[in-house]
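Engineer: What follows is each chain in one-letter form.
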Amino acid sequence: MLEINNLHASINGNEILKGLNLTVKAGEVHAIMGPNGSGKSTLASVLAGREIVEVNEGTVLYNKMDLLEMNPEKRAWEGIFLAFQYPVEIPGVSISNFMRTAINEKRKYINLEPLSAADFIKLMNEKKKVVDITTQLTNRSVNEGFSGGEKKRNEIFQMAMLEPKLAILDETDSGLDIDALRVVANGVNLLKNPENSFIVITHYQRLLDFIVPDFVHVLYQGKIVKSGTKELALELEEKGYDWLKN
Amino acid sequence: MSNLEQVLVNDFKQNFEHITKNDSEDLTSLRMKAIDNFEKTGFPKHYDELWRFSNITEILQNSGRIIHPFTPPEDINTPVKEIFSCDVNELDTFDLATINGWYPFSLPQFQRLNGNIIIGSLSQAFILYPELINEHFGKYSAIDNSFNALNTAFTNDGIFAVFPENSSPEKPLQIVSLVSQPENSMLQQFVQPRNLIIIGKNSKVNLVLCDHNLSPEASFSNIVTEVFIDENAEVRITRLQNQNNKSTMVSDLSVYQKANSKLITNTITLNGGFTRNNQHIVLAGEKAETSVFGLYLMDRQQHVDNTTFIDHAFPDTSSNELFKGILDEQASGVFRGRILVRKNAQKITSYQKNNALLLTDEARINTMPQLEIYADDVKCSHGATVGYLGADELFYLRSRGICEREARIMLMNSYAKEIIDKITIPSLNDRITYLVSKRLRGELSHCATCVLKCRE
Numbered sequence: 001m002l003e004i005n006n007l008h009a010s011i012n013g014n015e016i017l018k019g020l021n022l023t024v025k026a027g028e029v030h031a032i033m034g035p036n037g038s039g040k041s042t043l044a045s046v047l048a049g050r051e052i053v054e055v056n057e058g059t060v061l062y063n064k065m066d067l068l069e070m071n072p073e074k075r076a077w078e079g080i081f082l083a084f085q086y087p088v089e090i091p092g093v094s095i096s097n098f099m100r101t102a103i104n105e106k107r108k109y110i111n112l113e114p115l116s117a118a119d120f121i122k123l124m125n126e127k128k129k130v131v132d133i134t135t136q137l138t139n140r141s142v143n144e145g146f147s148g149g150e151k152k153r154n155e156i157f158q159m160a161m162l163e164p165k166l167a168i169l170d171e172t173d174s175g176l177d178i179d180a181l182r183v184v185a186n187g188v189n190l191l192k193n194p195e196n197s198f199i200v201i202t203h204y205q206r207l208l209d210f211i212v213p214d215f216v217h218v219l220y221q222g223k224i225v226k227s228g229t230k231e232l233a234l235e236l237e238e239k240g241y242d243w244l245k246n
Numbered sequence: 001m002s003n004l005e006q007v008l009v010n011d012f013k014q015n016f017e018h019i020t021k022n023d024s025e026d027l028t029s030l031r032m033k034a035i036d037n038f039e040k041t042g043f044p045k046h047y048d049e050l051w052r053f054s055n056i057t058e059i060l061q062n063s064g065r066i067i068h069p070f071t072p073p074e075d076i077n078t079p080v081k082e083i084f085s086c087d088v089n090e091l092d093t094f095d096l097a098t099i100n101g102w103y104p105f106s107l108p109q110f111q112r113l114n115g116n117i118i119i120g121s122l123s124q125a126f127i128l129y130p131e132l133i134n135e136h137f138g139k140y141s142a143i144d145n146s147f148n149a150l151n152t153a154f155t156n157d158g159i160f161a162v163f164p165e166n167s168s169p170e171k172p173l174q175i176v177s178l179v180s181q182p183e184n185s186m187l188q189q190f191v192q193p194r195n196l197i198i199i200g201k202n203s204k205v206n207l208v209l210c211d212h213n214l215s216p217e218a219s220f221s222n223i224v225t226e227v228f229i230d231e232n233a234e235v236r237i238t239r240l241q242n243q244n245n246k247s248t249m250v251s252d253l254s255v256y257q258k259a260n261s262k263l264i265t266n267t268i269t270l271n272g273g274f275t276r277n278n279q280h281i282v283l284a285g286e287k288a289e290t291s292v293f294g295l296y297l298m299d300r301q302q303h304v305d306n307t308t309f310i311d312h313a314f315p316d317t318s319s320n321e322l323f324k325g326i327l328d329e330q331a332s333g334v335f336r337g338r339i340l341v342r343k344n345a346q347k348i349t350s351y352q353k354n355n356a357l358l359l360t361d362e363a364r365i366n367t368m369p370q371l372e373i374y375a376d377d378v379k380c381s382h383g384a385t386v387g388y389l390g391a392d393e394l395f396y397l398r399s400r401g402i403c404e405r406e407a408r409i410m411l412m413n414s415y416a417k418e419i420i421d422k423i424t425i426p427s428l429n430d431r432i433t434y435l436v437s438k439r440l441r442g443e444l445s446h447c448a449t450c451v452l453k454c455r456e
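First to last, the protein sequences are chains A and B.
Sequential numbering of the first sequence, starting at 1, is according to this note's numbering.
Sequential numbering of the second sequence, starting at 1, is according to this note's numbering.
The following block holds chain A by itself, in its conformation from the complex:
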């Protein structure tokens, strides 16, 4: 599904990713861990197509397409979803209007008729249950005045609505209490199937108790320095990152 080869990327001239390789197959969950500043969020930004990140070298193939040639909206239509670390507030745009536009743009891309109002509401109600989100919240403007937990929950709700093939969760667990964490993880687990993949970026092993990864990678100074299975996460929790730095 995703093949990253020798990826070098920089922000404002500072090279952050320095030759990253990663392969993700359909149905897999990959966790990416690493200390602050190692390039985790930059990787998420490259995959979603944020313009501030400049790719200097390397290739990213997504379902055999050159991902780096695609603009953010096309990536979304092709099934890429980024759950933001810091979701932005958009006053004056209601979540339902936002989601309806997003879904219908995607449907237009794959030559489907727009969803009727009734079908859309049905879909919303179905997906709201996934993350235990209230109608009160979905009637509000996107993330406006939301608590940290509500913002993250809203990200997972959007993910459920858009049914991506490859979802990247950028520190979705940060700032969440254990109950919120469980709700978010539960949402991910409900969406998981053999056709779709997840890249879960996290600082802590905690989230991985709920979302069990097939692979764990340690990102350090712009490269993946170690890969393993879920046991690696436990080892990191115990020993920290220092033992990997040499």
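I should point out that these hints are in silico values taken from the structure, not numbers from a laboratory.
Where hints are given, some of them may not hold.
[To be verified] Once the Cα atoms are required to be at most 25 Å apart in a straight line, the calculated BS3-like pairs of lysine-lysine come out as:
id	chain 1	residue 1	chain 2	residue 2
1	A	Lys-106	B	Lys-438
2	A	Lys-122	A	Lys-108
3	B	Lys-201	B	Lys-246
4	B	Lys-417	A	Lys-151
5	A	Lys-239	A	Lys-106
6	B	Lys-353	B	Lys-246
7	B	Lys-201	B	Lys-287
8	B	Lys-13	B	Lys-40
9	B	Lys-438	A	Lys-108
Got chain A; can you put chain B on it based on the hints?
Structural biologist: Just chain B, lined up with the frame of chain A:
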């Protein structure tokens, strides 16, 4: 004195008998004072502080021959309903249109609403209601301003409305100023509509003022609307401006508020070549409150100027002002907000803000707050922001599969929503939301989907 100024002064003198034929003595002397003022000051110069960023002199000089019409245009004989019909969805208004400032011949000179509300022709009011005219006409729009002076000197006609004490008509009164410019005419008409609205104590009144062109030709209009609001009355004025790209409009709204009265104005400028909106509000009684909102959406080389003057003449009065604008391509905008707190006007609160969104590097906005405070127990603030569409917000929307164009439109709509939501008549709010959205998509021609559906 420029050629055009001379032509207008001569026009006044030569047509003096005709202009003043319905006048009381007081009115005639007011007109003479006004034309004197105009003769002395002429049109604003590019170096006049109040016009520094809105170069109207250039437009006036390049306009070819401009004349003030003393007779109504030919279409005035056609029932107005045949020329246009109002298309504000489900907005049930009592609507009246003037064509080039003339009250339509097809309507009775005065109509009565709810028994005692009088709405009709201003020129007829000069004859029938001279006391009210003498008491109110020309008392609120200052004739030291050359455009107001010119309008006052030449006033032919317009709408006259009197809402007696305790009036609360269900329907808003909608006044549409239509500008009809004959095709291919060498003479450009200088259209000067005039409205006078008198609102009695304890009344609750909704006014909708629309400005619109009937033809795509260049036009020049100088509109003055005076509103008197008596004690304890509550008034909402929504102004909707959708003029063509060759239009030049100076529109003055002068309001005088007595004690305990409440006013909310909302000026929505959707389109127009050159638009200058003056608002002059006098808070002339304790506990009078005013809110002045506005939204302007300009592109191409359009220019909009919102100049407001709020006069806190009495203690314990408050004002709140918020304008927002979106300027695209080479459009330019001006916001000038003068707030005057007079010497003995204590316990004043006054807030003012102008926020502008520039979509290109060539779009411009000039913002000038001007606070003059002569009292000491005063709470005032002002602020201005100039910004661009947020890159983070755009990326967030695009990352969900909303294409860039749609995402930009969404963000602009959300930006405008804050002002539109100040309009509390639901059907008018819906309609303006729709029009603004169309405008932001570039799908609103000045005629196609405006509030009015002109018959082609």
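Engineer: Is B:Lys-438 close enough to A:Lys-108, meaning Cα to Cα at most 25 Å?
Structural biologist: Within the cut-off at roughly 21 Å; holds.
Engineer: CA of B:Lys-417 to CA of A:Lys-151, is that 25 Å or under?
Structural biologist: 22 Å, holds
Engineer: Do the alpha carbons of B:Lys-13 and B:Lys-40 lie within 25 Å of each other, as the hint requires?
Structural biologist: The given pair, whose Cα atoms are some 15 Å apart, holds under the 25 Å limit.
Engineer: Straight-line Cα separation of B:Lys-201 and B:Lys-287 no greater than 25 Å?
Structural biologist: 14 Å, holds
Engineer: Do the alpha carbons of A:Lys-106 and B:Lys-438 lie within 25 Å of each other, as the hint requires?
Structural biologist: 22 Å, holds
Engineer: Given the proposed pairing of B:Lys-201 with B:Lys-246, does the C-alpha separation stay at or below 25 Å?
Structural biologist: Violated, at roughly 41 Å.
Engineer: Tell me if the straight-line CA distance from A:Lys-122 to A:Lys-108 falls inside 25 Å.
Structural biologist: 20 Å, holds
Engineer: CA of A:Lys-239 to CA of A:Lys-106, is that 25 Å or under?
Structural biologist: 45 Å, violated
Engineer: Between B:Lys-353 and B:Lys-246, does the CA-CA distance stay at or below 25 Å?
Structural biologist: 29 Å, violated
Going through the hint list in order, the structure does not satisfy hints 3, 5 and 6.
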